[in-house]
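Position chain V against the provided structure of chain A, taking the given hints into account.
There are 2 protein chains.
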Amino acid sequence: MGSLTMLTNVLTKLLNIEYPIIQAPMAGGVTTSKLVASVSNAGGLGMIGAGYMTPTQMREQIRELKQLTSNSFGINLFVPNEFEVNEDEIRSSNQIMNSFRDELDLPRKENIEVPNFNSVYETFMEQIQVVIEERIPICTFTFGIPSADVIEELKKHNIILMGTATTLREAVANEKAGMDIVVVQGSEAGGHRGNFIDKDQESLVGLMSLIPQVVDNIGVPVVAAGGIMDGRGLMASICLGAKGVQMGTAFLTCIESGAHQVHKEAILNVEGDTTVLTRAFSGKWARGIKNSFISEMQAHQNNLPSFPVQNTLTQDIRKKSGEQHNAEFMSLWSGQSAALAKSQSVETLIQNIIEEAKRLKNN
Amino acid sequence: MGSLTMLTNVLTKLLNIEYPIIQAPMAGGVTTSKLVASVSNAGGLGMIGAGYMTPTQMREQIRELKQLTSNSFGINLFVPNEFEVNEDEIRSSNQIMNSFRDELDLPRKENIEVPNFNSVYETFMEQIQVVIEERIPICTFTFGIPSADVIEELKKHNIILMGTATTLREAVANEKAGMDIVVVQGSEAGGHRGNFIDKDQESLVGLMSLIPQVVDNIGVPVVAAGGIMDGRGLMASICLGAKGVQMGTAFLTCIESGAHQVHKEAILNVEGDTTVLTRAFSGKWARGIKNSFISEMQAHQNNLPSFPVQNTLTQDIRKKSGEQHNAEFMSLWSGQSAALAKSQSVETLIQNIIEEAKRLKNN
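Just so you know, the protein sequences line up as chains A and V, in that order.
FYI, in this note's numbering the residues of the first sequence are 1 to 363.
FYI, in this note's numbering the residues of the second sequence are 1 to 363.
Keep in mind the hints are simulated off the structure, nothing from the lab.
Here the structure is a predicted model, which means the values were calculated and not measured.
Each hint should be verified, as a subset may be incorrect.
Given that identical chains are not distinguished, each listed pair holds provided it fits within a single copy or across any two copies.
Using 25 angstroms as the maximum straight-line C-alpha spacing, the simulated PhoX-like pairs for lysine-lysine come out as follows [stated by the list, open to error]:
#1 Lys13 to Lys66
#2 Lys319 to Lys109
#3 Lys176 to Lys361
#4 Lys361 to Lys34
#5 Lys34 to Lys342
Same shape as in the complex, but just chain A (with noise of 0.2 angstroms):
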């Protein structure tokens, strides 16, 4: 087989890792160490999502993952954004949960702890603490980019820092700021949009115009992520002008993914393209099969409260649904491509990958 130098870039050295192959740092259970470490041991760069993780679970996995590989892995934190609390719109939510919670045979709820910013912000540099002191080399950033003095600690330490733009302006922003990697996010990509300066239809931007016009205007590695599954997507994307790519969706049906099983199914049996955005599981704007709580939630979406807000008022929901294998009110995210979904081992998936993408080059 012809070589690939075109696989081996600023990107793969900046990682240590052979392939520009990055497993998306999925929160909420999919990342198991078994998922990132299969990642990581196969040649790409394995990721935990620990965006809703506690510094103590955060530091458990990290440990857990030493054990099980000794190449690179990184960690996706998410940035904390201001939110209000509001009862009115809690309640009003609440209300309309108790009618689900009545299908699922879950007890109603009338008041329900939620957290505040200062609480969020405080875990978050908590979190920032763990990766600085278990050293781990490659931290990512969703949903803004974190201040000036938490990324010049980072950088002190030598940790290689990613953040994520969904738009050419994010993506500056991202630059200006100091990553040393940007991951660009189109409008195909899965789970929660990225998106924190431009609004939410505003950011919507598919990879086959975001790419091109972020590497012509930043000088960082750009890694594509969107809808990227197999190694058409990859050779696209490097011929976009990414340097690599970060695929959720393709790793989250894997063998090894800790996704339940009905969200694998949920993709995998998808026909064609039946993702929707909705905000009615977090707060925030999210891409994933439609079930009937996307439906049901459709006509509330704009009065809801805020991330994470509302997430925490659908845990015990989501949480019922997935016990009882009941795919309508869990939240089945998954990227535009769902239809490409295959199960099968990550070593399989990465070794298909480049395998095609050699084939694609000396056709």
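Coordinates of chain V only, in the frame set by chain A:
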């Protein structure tokens, strides 16, 4: 320079062109004979956007074009979708339009003569007759699939048929109906959305997802459209499985294009991606650069008459705005890659695409 055999394929053979580059059939005055002939003469496929043309205008342009090029060119028609003429909706839209008319020193209007479905359908059938009589080798469709009778008639005359799809389901429907080629319009695309089965939101699929899903499921050649501006986009589309590309915005800002100078400048001077989807201009969703008209109409968006009724209602406003060189009330259609547009000749654009594609191939 290395050979680029992947650019000579079943598509270039079917269309009898040198390069797999199709100029998108932008309706409304953009596809002047100068533009179309320049594209065909430079080795691509020039296309007349005849959607809004009378049969007589079509025939005149075809005859003019035959003097300007001996190469293949094609023509695009809008497949009529049934619509209702609702007097109340028209009156209420007209009231809103009157405030814009005031701003533009246009006479207020109380009643406007709008087309009805029968007249639109009759015109379409006459357009089909012109295509046959003038022996146009390639006929393409947007907004749906013509009836089996129309398809049979065109095929009897050996006309190559190309349909437009925004989702896998729509692509499959096009192939089933007998289309020889399917254009997949990604969410990146400028101008009108071509969805005709899937609903608006669900039909916004990025090319990174749309191309591979479609090529895995249909047998006829697939052409990618949306956000493609240069050799990077062409090679990315080919990596994803398309046989060629259809480019609108890239040709719109060419020197030979008939687009209004104000429209060209709005695209050339855009900062980052600032396109939005609106149905305010025509009653059908379309992507363009945000201006006052779009912003002010946002609130009314869901109560407007259907296409093409609303299009008729805004005609005087768009026209007068153009006459005044006022960008704020024109439909500034553009794809999400506006930032990559250049003012150049068609030949330079096409030559640069091919050079860049070769460089990428030999990297």
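Hints versus structure:
In this homomeric assembly, lysine 13 and lysine 66 come within 25 angstroms of each other (Cα to Cα) only inside a single copy, at 21 angstroms, whereas the closest approach across copies is 56 angstroms. In this assembly of identical chains, the alpha carbons of lysine 319 and lysine 109 lie at most 25 angstroms apart only when taken from the same copy (15 angstroms versus 58 angstroms across copies). Proximity of lysine 176 and lysine 361 under a CA criterion of 25 angstroms is satisfied in neither setting, with 34 angstroms inside one chain copy and 32 angstroms between copies. Taking the shortest Cα distances, lysine 361 and lysine 34 never come within 25 angstroms of each other, neither inside one copy (32 angstroms) nor across copies (37 angstroms).
Taking the closest pair of Cα atoms, lysine 34 and lysine 342 come within 25 angstroms of each other only inside a single copy of the chain (18 angstroms); across copies the shortest separation is 49 angstroms, beyond that limit.
Checked against the numbered hints listed earlier, the structure breaks hints 3 and 4; every other hint is satisfied.
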